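Visitor: The primary structure of each chain is shown beneath.
Number of protein chains: 4
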Amino acid sequence: MSVSPFDHPLLGGLLGDEEAAHCFSVEAEIAAMVRFEMALAQAEAEEGVIPAEAAEAITTALSTANFDMAALRRGTARDGVVVPEFVRQLRALVGEPHGASVHFGATSQDVIDTGLARRLVELLAILGGRLDHLVERLSLLEERQGGIQTMAHTRMQAALPVAAARKIRSWREPLLRHRDRMTVLENEIAILHFGGAVGALDELGDKGVGVSRRLASKLGLGAVIRARHSERDGQVALANWLSMVSGSLGKMGQDMALLAQTEVGEIKLASGGGSSAMPHKVNPVGAETLVALARFNATLVSAMHHSLVHEGERSGAAWTLEWMVLPQMSVATATALRLADGLVDGMEFVGTAKPH
Amino acid sequence: MSVSPFDHPLLGGLLGDEEAAHCFSVEAEIAAMVRFEMALAQAEAEEGVIPAEAAEAITTALSTANFDMAALRRGTARDGVVVPEFVRQLRALVGEPHGASVHFGATSQDVIDTGLARRLVELLAILGGRLDHLVERLSLLEERQGGIQTMAHTRMQAALPVAAARKIRSWREPLLRHRDRMTVLENEIAILHFGGAVGALDELGDKGVGVSRRLASKLGLGAVIRARHSERDGQVALANWLSMVSGSLGKMGQDMALLAQTEVGEIKLASGGGSSAMPHKVNPVGAETLVALARFNATLVSAMHHSLVHEGERSGAAWTLEWMVLPQMSVATATALRLADGLVDGMEFVGTAKPH
Amino acid sequence: MSVSPFDHPLLGGLLGDEEAAHCFSVEAEIAAMVRFEMALAQAEAEEGVIPAEAAEAITTALSTANFDMAALRRGTARDGVVVPEFVRQLRALVGEPHGASVHFGATSQDVIDTGLARRLVELLAILGGRLDHLVERLSLLEERQGGIQTMAHTRMQAALPVAAARKIRSWREPLLRHRDRMTVLENEIAILHFGGAVGALDELGDKGVGVSRRLASKLGLGAVIRARHSERDGQVALANWLSMVSGSLGKMGQDMALLAQTEVGEIKLASGGGSSAMPHKVNPVGAETLVALARFNATLVSAMHHSLVHEGERSGAAWTLEWMVLPQMSVATATALRLADGLVDGMEFVGTAKPH
Amino acid sequence: MSVSPFDHPLLGGLLGDEEAAHCFSVEAEIAAMVRFEMALAQAEAEEGVIPAEAAEAITTALSTANFDMAALRRGTARDGVVVPEFVRQLRALVGEPHGASVHFGATSQDVIDTGLARRLVELLAILGGRLDHLVERLSLLEERQGGIQTMAHTRMQAALPVAAARKIRSWREPLLRHRDRMTVLENEIAILHFGGAVGALDELGDKGVGVSRRLASKLGLGAVIRARHSERDGQVALANWLSMVSGSLGKMGQDMALLAQTEVGEIKLASGGGSSAMPHKVNPVGAETLVALARFNATLVSAMHHSLVHEGERSGAAWTLEWMVLPQMSVATATALRLADGLVDGMEFVGTAKPH
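Chains A, B, C and D supply the protein sequences, listed in that same order. For what it's worth, my numbering labels the leading residue of the first sequence as 474, then goes sequentially. For what it's worth, my numbering labels the leading residue of the second sequence as 474, then goes sequentially. For what it's worth, my numbering labels the leading residue of the third sequence as 474, then goes sequentially. For what it's worth, my numbering labels the leading residue of the fourth sequence as 474, then goes sequentially.
Take these hints with a grain of salt, some might be off.
[Said to hold, decoys possible] Cβ-Cβ distance ranges computed for the label pairs, FRET-style: (1) D:R652 x A:M542: 43 to 53 angstroms; (2) C:H606 x B:G695: 22 to 32 angstroms; (3) B:E609 x C:N660: 37 to 47 angstroms; (4) A:N660 x B:E676: 57 to 67 angstroms; (5) A:G819 x D:A525: 25 to 35 angstroms; (6) D:R652 x B:H753: 33 to 43 angstroms; (7) A:E529 x B:H753: 24 to 34 angstroms.
If you're looking for bench data, these hints aren't it; they were derived computationally from the structure. Just so we're clear, the structure is a prediction, and the values are computed from it rather than from any experiment. For every residue, glycine included, the Cβ atom is placed at its ideal position computed from N, Cα and C.
The following block holds chain A by itself, in its conformation from the complex (with noise of 0.2 angstroms):
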């Protein structure tokens, strides 16, 4: 079954990216879970919320657990959230007297949320390289080609002869600021998120803040005052960040289509598609990809917009409205970086360089 088509069997060939999908697979998803889980064991006996040999027993048990696949799925369907089900699990791993210390004070959204930041925390830099990567293309690109005469195109008219270098640059200097962008938004989303059942982290007393900052530490994430529960400005920024990013390659992608065209042939694409008819044809398949991923995500990202009303302490409504779309987003614009790498290396500026 694959009704997306980044995990399609063969859309996925052209659409999907394995690297940034594996941040979203189950076994991430469960391995982040389990690693709150250790981590809060762990910080709870420190701080004496817990006996430490609850924690031993927890660490021991979760290191080598296993999962009924098939009861987190009914237990998905029935609770909305993986994490009743996950914890019941784990409980009974651990067994008696120390089951009743797993998850103890916190709520499924800290589960989530703070496992999708671990998780999120990986896509970015798996795409801050890929974005690393492009831009040092581009300049090589540049410095290979900048100085070919192209024709500037405004309105979609013929306007007036410029260097490639100009182009060149329309397409790297947007990734560049989206470069200085990610290190804006990666303070936003490398964030604890625990707050407990409605967010006071009330079943912890006055150990809430120590607990908080030691699982924080033992993240790898920030920790942050309150948790964010229902304050979801974090995530619709790194939307926004990811439809920015395959919206300029789609400016890219579109221009290189556009200059490709048979009867503008100002570029050259190393690779095009084929036709099942017309054999002669070669299309710029990755360059309207880049299209359709820049046009996807702009549509997305509206959805994760409206679930910045998120109503109450929680909201079942948006938050499940944005795992059914931050995913998605983030692997086209993964697909994106991808797509534009080869493109990049693989196309030729046609026509003559300038004489100094």
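Given chain A's structure and the hints, the job is docking chains B, C and D onto it.
Guide: Just chains B, C and D, lined up with the frame of chain A:
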């Protein structure tokens, strides 16, 4: 890997729908493509476009065809569409001298769009059946509980008491209208897409119309005078309908979640989700999920409208965008109908029936 | 002040449409509301709900009513809808003893939604007339130039030569289908909305049905069994249609801009825009604007689908959202039709007709 | 005429905002354009690009310029942008021999984008001031009522009691983060756009950098190395921010509407709207409007992301799309801030403070 919530091993239990997703499985996709190519060969043989023996050879070879899926995936990545590699494999399977008669006069879009049309007809049958069933369950609910007095709410404030029947009808009657709209829609979807390279069936000379009619008839689809390759209003009409159905169910879900609030208590939901931190809670998971699905489709429908800007005789960008959106919207609506059915069956208005 | 591009003193020259905008003017709005209240009084008098003299007094007073617009504005700001203050002013105009008979049994939404229905009927008449005219102009273009050979483009690459007639038909035929869809749509739009406070016409006792029928007939609208206050599928169907029309025109505009590229030169546009920096340029302004209008509506249609999640018996949030979106979408489509007409009349395919 | 809710004579009382709308008035627009042309002439004279007398003549003529608005409107309709006709009028005003020095080396997009940048700086000052004020009012509310016990709600169900302070902070803290984001944003917005015909300032020879620096300084904007004509990430970043602010306020509005429900009664809103049919009701009009504004912007932000696909050196389609969306989003956010302020000042938590 499971970037999509619909295919996700855990979340798929809540958000997925196996029956509807089957229409978008790679198996169904390839089966529909094979069926197209077989019917095409037969139609062309009957019209004398290809030899009868060629059609026989093609039918025989395709009846038991196995595909090199890895090569299909690579072909999709390269060509932006699976068909060129698919046809290459088919031709190799058929071998000399009839391989060249495979896919004769057709283009990638003919295979993909017609194959999709067949599968969308199946999807509509599934969704139509569910709509009918849900309407019936709402009628039963009205019979059973329509007389109970409830409070009407306007602008989030208690207004005046009304019979529960009024609320139930405001959920059911839009569904009846959607059912009527489906009849019109089916005629827009259940059509043959067959135009060859640039839509003109050039290679078939004066046999184009004859082959089209036979092909449509063999596939149980309507024949249209001209292929609508670049005219996507049929697909968009489907997306509109899918989102209208999930939107109406989202309204029902939102109403249920509001009526089931602890402080309101006008209805009781049979099955609610549990919480990892607050065992006393009964969460209206299904109702919230209806809202999430409604907003998901309300967002994605926009991308389908953007894909109307389908430049030239075939737009790789706009066409790919459809593939990224339409299957997801379809399954979201199927899931919404499935969840709604369960919610209606399990809900109860709390209160007493007004004496007549 | 002119935040909107449609009302803007300068930009309105390009993007506005006076004829369509008139349907959304405050004059048309108030006239439709007055008409509703007059017809309601007459219908109620005929059914014996209010005295005949009351209906007469109301008719007389409303025929020449002038409103305190500043108070209406303040009332809208306070109540979220103009009707409470509007009715207050009407009652004062009618005076004792018949003032209380004004608006009897009705609610704000009855006045607003029915008034809008009347104005949307006018809008559809305008748009339908323009569609017909544009279809005719495209037919004339085909007659005149359909035989000219042009290049078909698939995936942004020259594919094979085709007759211009094929391109023209791919622009015209979707419009014919939209014209057919309009007939269905009119029946969904041209209906009376009349339900009273919570949709049940409680105050009218057993006279509800009779008053409804008379009122619908007086207003030239269809009567429906129950008011659809919280069921917004009719409005959404209209938005879908508006965006489908502008989307199909966006495809035509995109095609024209591509065909008119300097390097392609397959068509010439009669009138292009000038540039402040490059006097030699002829910009395809109308064609580009069709694309912009298509994407504008493709975006806004999403908000209308979100407004299906119209909670309870009346949602202030969802209803207000419609007001923010539907008038703009309507005018955008009207403008697109107007621009398309000019483009088609002024364009020419460059090339020679293929000898038969 | 008033297609837009923001400019509407009645609805504008609820949804409009005069202060913010002023930034998008035609007066402000023309004033910003005049200021650009005057500063340009001065900068160019200082760099020796045009004669000093030309700059003087231009300054004098423009200081008292009156424009033929009807001609500007016709020019916009023809050219897709007001600048060619605007410059024509300016040149006529300046007359011989210095008319040709007006707008020397500049292009339409320089004038429009820079003029907009100036006005957006003013907009941000307005919005920043309102954010600060709202944050302060929320702090006062917390001081006054933060100790009152309220019920936390997760997934639309009563969860556990919490102090009102927790709710108030979940409304205020995202605003503080938005305030911080605004600082970054200002640097992206407050920049000069100056590139000439195709972005390369060709006509200025080696004086391009010098003129740019002087021009930026005169206009109080940052100078950037290359004009970003076709790189729209700054504008999109603004749209993201506008929608994040209105989204966070939408969450507050949704919370208030839920807490003010008749059956919940956790808060009382000072001023509610009245109903034409049910005088007993107090409708949470402001709170609902915040939700509507949030969803409006959450929808429109998508169009801005689509406009990143800005083909070539200048895209008429993508640029026009921005004009249709950004002013509306700006005013929607301004209105949301205005309404939020009133809501916070007028609301009260019902209940008793928990003894310490």
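Visitor: Run every hint past the structure and note whether it holds.
Guide: A quick look at each hint next to the structure:
1. D:R652 x A:M542: 43 to 53 angstroms: With a Cβ separation near 45 angstroms, R652 of chain D and M542 of chain A satisfy 43 to 53 angstroms, so the hint holds.
2. C:H606 x B:G695: 22 to 32 angstroms: This hint holds: roughly 29 angstroms between Cβ atoms.
3. B:E609 x C:N660: 37 to 47 angstroms: Once the Cβ atoms are compared, 25 angstroms apart, the range 37 to 47 angstroms for N660 of chain C and E609 of chain B is violated.
4. A:N660 x B:E676: 57 to 67 angstroms: holds, 60 angstroms
5. A:G819 x D:A525: 25 to 35 angstroms: For G819 of chain A and A525 of chain D the Cβ distance comes to about 52 angstroms; the hint is violated.
6. D:R652 x B:H753: 33 to 43 angstroms: Cβ of R652 of chain D to Cβ of H753 of chain B: about 39 angstroms, so the range 33 to 43 angstroms holds.
7. A:E529 x B:H753: 24 to 34 angstroms: For E529 of chain A and H753 of chain B the Cβ distance comes to about 31 angstroms; the hint holds.
Comparing the model with each numbered hint stated earlier shows that hints 3 and 5 do not hold.
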